[in-house]
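Novice: Residues per chain are reported as follows:
Number of protein chains: 2
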Amino acid sequence: MTTINATALQHWISEVFIQCGFTAENAKISAQVLVEADLRGIDSHGVARLSGYVRLIQKNRINPNPNFTVSHRKKTMIHLDADSGIGLLSAPYAMKLAIEATHDFGSGWVGISNSNHFGIASYHSMLALEHDYIGFSMTNASPLVTPANGKQRMLGTNPMCVAIPTNQETPFVLDMATAAAANGKLEIAERENKSIPNGWAITKEGENTTDARALKNGGMLLPLGSHKDGGFHKGYGLGAWVDIFSGVITGANFGPWVPPFVSFLDPLPNLPGNGIGHFLGCWDIDGFQDKETSKNKMDLWIQTLKNSIPLDQNHPVLIPGEIEHYLKQKRIEEGIPLVDAVCLDIEQLSKQLNMPSPL
Amino acid sequence: MTTINATALQHWISEVFIQCGFTAENAKISAQVLVEADLRGIDSHGVARLSGYVRLIQKNRINPNPNFTVSHRKKTMIHLDADSGIGLLSAPYAMKLAIEATHDFGSGWVGISNSNHFGIASYHSMLALEHDYIGFSMTNASPLVTPANGKQRMLGTNPMCVAIPTNQETPFVLDMATAAAANGKLEIAERENKSIPNGWAITKEGENTTDARALKNGGMLLPLGSHKDGGFHKGYGLGAWVDIFSGVITGANFGPWVPPFVSFLDPLPNLPGNGIGHFLGCWDIDGFQDKETSKNKMDLWIQTLKNSIPLDQNHPVLIPGEIEHYLKQKRIEEGIPLVDAVCLDIEQLSKQLNMPSPL
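Residue numbers (this note's numbering), protein chains in the order written: chain B, 3 to 361; chain X, 3 to 361.
Accuracy of the hints is not assured; some may be wrong.
Put simply, identical chains are the same to the list, so a pair is met inside one copy or across any two.
[Unchecked claim] Listed below are the simulated DSS-like cross-link pairs for lysine-lysine, each with C-alpha atoms no more than 25 Å apart in a straight line:
1) Lys-230 x Lys-308
2) Lys-196 x Lys-61
3) Lys-308 x Lys-206
4) Lys-30 x Lys-98
5) Lys-330 x Lys-230
Source of the hints: derived by calculation from the structure; they are not laboratory data.
Computed from a predicted structure; not experimentally measured.
Bound-form chain B, shown alone (with noise of 0.2 Å):
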């Protein structure tokens, strides 16, 4: 297992963006948004995609430079069109105007159409904490996922993240895809060649699997409950949401239409609407009560959950985004992790774009 310096991924990856045509600044952006992925632990959304963006970029599906416009307002609810650009900036951009908004009026809401991946979740919402808003935020992505009942691909993994402030301890933040199982974790499981648990997918015959190759056999992904007794309408339900906010009412694509991440494949034709959608925004706490009492009591709550009896004395109840924050103080100071896939893809980009390899 190799490692790499934090700071140096990220100036390399900033390099590869710069190549690619970005600005400086909006390279440093984008380079962040990776990197905080791979220090925070979620090593699928990090320098592990940027050769995917990168392809993205050579195929101009993704605009290296775009124009980010404020297309339609009222008040609190702001739409955005990212102008075919890259999640890792239209994202930000639009939490930056949901702060401001929340400013002025308690909540703003960004919904953002003709856009692109934008990493991690929890990057964006977690721009509110510093303010001490709540920061929210869902994207939509191309299909894996079944609906319950059925065996068809029509959903992305959409993950919804919520960050909450605190005062003492760690930030409450729940980043989670709305599929049992993140693709990611299937990727691995084949990857160590073990069987993943049934829940996780179904066959193309919509028959359970224990096979880690499952989705690249025509199989699918299975929302979160995993079958009918588990609930799994309830996880349908949040996949649904996410990609009717993201998609539906902002004008992006959504459902079976959502463009895919992969360069090899392209959109459907008679899209019905314009690139992959966000929703983003904040809630100011101040305005239910004094921040400090939320605050304090964000602390209560966190030190009470982390007492309750955990069910195997040497695994304590965590804290949603407990780990990743662990995980994030300790890869700064010991270098991120790189399995040889990534590796070899960090390898190959820097030949092709004719770059020293941060390796």
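With chain B fixed as given, assemble chain X onto it according to the hints.
Specialist: The following block gives chain X in isolation, referenced to the frame of chain B:
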């Protein structure tokens, strides 16, 4: 199975609330919320709950004549003190405030403390649909659910609901508990002398169980996802989100301190907040793009999902809220079916309050 006409039931429930000291107007609204649950097939939250509310009123834990006050506000963020009133009233009152704020600012949010159980979340969210707004509602509830990797009751079944307007199609209404299964499902299994699926509950000792009496024997419900492989940290995160929005940032109680619905259990000592809390609000979809466009796209989204390939040809893919909408039409025509236990409850309540029985 007895059936009862919805209007007759609503009239009788309204009289019960008047007998308990409600004003005629407040009694009418409260009865409407309960009957809507019975019409929509959420039988556990309709007239079946009425005797429970009456006992809380008789024990002075619900104030029959509350004075709702806005105690704090920052434009779109409004805090409501419900004066120990019933949630069946405070929640629709709050939605009115949220709708007014949305008229003015494009969105509006109300955090409620010092309240009591608010019935079905969907009643409140759906109030927004009349204005072509998206409605949102959550409430915390007394602790029955363990955190992921825990074995202690720390969270309620904490529902969340989002209602989204359409044009021709039935509105999208996702109304879901964040536990794998709500306790009503265990009660039905117990009544029918059936076992429950693995993944709904664990025993007091943290063991898996299929015993429908698990909760009564000191066990607890599991979060959506049911177990580690199923992603129960996500269900736990969702339940936590609802608890924090409803209780922590509103000044209501939260976690293990949320007061029990049953009148024979007293609230814990040294409560950190006031009563039960709710969080409600709206977004004006017209703030992103012309609302007719969004409503037409919602129709397309719904038609697309409904026409996707089902697992079983006889059971098409459903849209959240579709079954409830269908049941409502059916029950308006054919009457509301009542199980024996609920009929007995109605007879006893009529006798106790010296009213003619509606059955």
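Novice: A separate judgement is required for each hint: does it hold in the structure or not?
Specialist: How the hints compare with the structure:
1. Within a single copy, Lys-230 and Lys-308 get their C-alpha atoms only as close as 31 Å, which misses the 25 Å cut-off; across copies the closest is 18 Å, which meets it.
2. Proximity of Lys-196 to Lys-61 under the C-alpha cut-off of 25 Å is found in neither arrangement, the shortest distances being 34 Å within a copy and 58 Å between copies.
3. Taking the shortest Cα distances, Lys-308 and Lys-206 sit within 25 Å of each other only across copies (18 Å), while inside one copy they are farther apart (41 Å).
4. In this assembly of identical chains, Lys-30 and Lys-98 lie within 25 Å of each other by CA distance solely inside one copy; the values are 16 Å within and 45 Å between copies.
5. In this homomeric assembly, Lys-330 and Lys-230 come within 25 Å of each other (Cα to Cα) only across copies, at 23 Å, whereas the closest approach inside a single copy is 37 Å.
The structure does not agree with numbered hint 2 stated previously, though it agrees with all others.
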